[in-house]
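Construct all of the structure, not just a fragment, from the sequences and the given hints.
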Amino acid sequence: MNTDREKQPHAGCTIGTDGRITFDLPPGAPEGQQLLLRLRPKKGQPEKTVHVLDLEPAGERRSAVLDARAVLTEGRWDVYLLREPGSERQRLRAGLRDLRALVGGHLRRWPAPLAVRTPYVTKDGHLAVRAWLRTAHAEADGIDVTGRSMTVRACLHGASLQEGAVVSLRLRGAGATVRTVEPCAGDDGRSLSFTVDYAELAAGTPPGSGVWDISVRPAAQAPLIRVGRLLDDLADRKDVVVYPTADFGGVALRPYYTVDNDLSIEVKGQP
Amino acid sequence: MKISFLIHSAYAIGGTITTTFNLARALAARHEVEIVSVLRNREHPMLSLDPRVSLRSLVDLRQEKEHPSHLRPARVFPRAEYRYREYSELTDRRIGEWLAATDADVVIGTRPGLNVHLALQAPRHVARIGQEHLTLDRHPPRLRSALRRAYRRLDTLTTVTEADAAAYRRKMHMPGVRVEALPNSVPDPVLPPSDGTAKVIVAAGRLVPVKRYDLLIEAFALIAADCPDWQLRIYGKGEEHDRLRRLVTDLGLYDRVLLMGAVTLMEAEWVKGSIAVAASDSEAFGMTIVEAMSCGLPVVSTDCPHGPGEIIEDGVDGRLVPVGDRDALGAALREAVRDDEWRLRAGRAARKNARRFAPGPVVTQAERLLAEAVSARRADRPVLRERPRVSRVLAGQGFAIRDTAHSAAGGVLRVLRRRG
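Chains as they are written, first to last, in this note's numbering: chain A, 16 to 286; chain B, 2 to 421.
Read the hints as simulated data drawn from the structure, not as lab findings. Since the structure is predicted, the reported quantities are computational estimates derived from the model, not experimental observations. Using N, Cα and C, we set each Cβ at its ideal position, and we do this for glycine too. Don't take every hint at face value.
[What the hints assert, rightly or not] Not everything, but these chain A residues come out facing chain B in the computed CB check (under 10 Å):
#: 1; residue: D159
#: 2; residue: V160
#: 3; residue: T260
Pasting the structure below:
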């Protein structure tokens, strides 16, 4: 039984610590001169951004390099094989992705702007690249959750903490309610921790439920920096790192990583 | 040779599927190979199959789940088999029909119930190889009795460990049948090995009670404070998932123990780690142990029956600790984390020692076993010819027993033929 899917070519890839990605087509893959990466458009929207990479022979295999300097807009990029320039494209299935260079990425210091790329496998088995592009970033190193509060340890990349720094919790939706928390700054000007009190947050959430997105304002008047966990090999951590839910007088509170690996707090139920 | 594998399902993830796909791929270089999946529940296999290997299924659950015959219990597939509930009158019939019509020279069964089908229903000219990926000592007595009757009608029975082969020779009377350990083969790794520096411990397997991920998580909890920055990643899915998630939460290890879900290409995940770990109470073979070793990871494992002890050399390429002993498992992990020099050295040894499970030697052995069974069938004689004096006695017993088995099966076969 040979189905279309089995005929679809596979591509593996290797990423370096600098973000350079080498795509690799095994021997026997269909003819093709180029790889095409395209930013997956929102439903119903036309495709806008593509990158085309030349395939070079490497022994019996062929490879194409996405240079560390090539800027990928934040989003999900699908990978295709082009038989020849301008020809019809063929989606690539995911082969081996050597992402070991990304493990422990949070221990390195990232320059601004942060361009983070994580090759991943889509739910249906295709190769894609998750990209984040941020002027600055607050990497969540860990969270301690108690029944009454949560304490987040984080580290700034591409910014440093100044006088007047605050942590901002913004309620999603119209009205944009914002609460602030004082961070506790480390000596290095980059590391910080902050505690969110569940009782206050539950009281501050309108009846029903809400989601609070967490950011850091590193100095008075400075732009907000979203807190998240981007600097390792996990493209989707929502179901991998799951924090406990605290039940607070009939209200359930739970920090979680969003589909974009940003940190938010979900509040559910009537206070 | 035309070689057919008969497998429960080729559409999931697990050791039997992986090793069957690996062996099929290696045999396809010189033979015509097909995999026959009794059940099918999705369009494509989860694991990738060599395009030279053909794949077919007998019962497609997407359309036939409610088939009247599928709602009636199986009669050929033994009742005491672990997966009995997934089999039915329909699977009995489809497997029987497929076997009756097969043009394969040799059919390889991949689990006890399918080996029974093979023993009872394969045409006379087709060589019958039963593979046991589980272990005799773990089979319930009723299953052992069913197998004792049926397995005499196989040509060859392969186990995955020497210990299990010895158990079959000692406890099952199977005159004329060759019993031999054929270890699972693991393909040669493609990626460079782990450099042993990442602070990641990796485990992989179905999330089922026998794998004892609960014990592993508790053992990791013992060392979490002394081994800052180290992470435990558990790959796989299964019925234990929610319980393990609660355990991770209760121990406050949500940032340190990651339940990664099922992954089809584990090689890329092993090389992200520096230590592999297995906490099973029982492990028929331990494919993941060999996979991890071939990627350059030393493996800390329980010394459970039967696989790990035949794969790992304690202290050299990994560690063997007593079964169910959380403290011992934690202590061995702590030493592996702390002793960088040992970890790197053991990782190199692991990579080297895993080579005996490379497809090359295993496939050569498999080809020899298959060719031997096929030529015995062609000559209409048993694979193993006993010494003359003994053979008269054994042969007599063998026939008597064969008749018994046949009459037991005869009723079923008659029923099947009527339904045709």
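Could you work out which of the previously given hints the structure breaks and list their numbers from low to high? none
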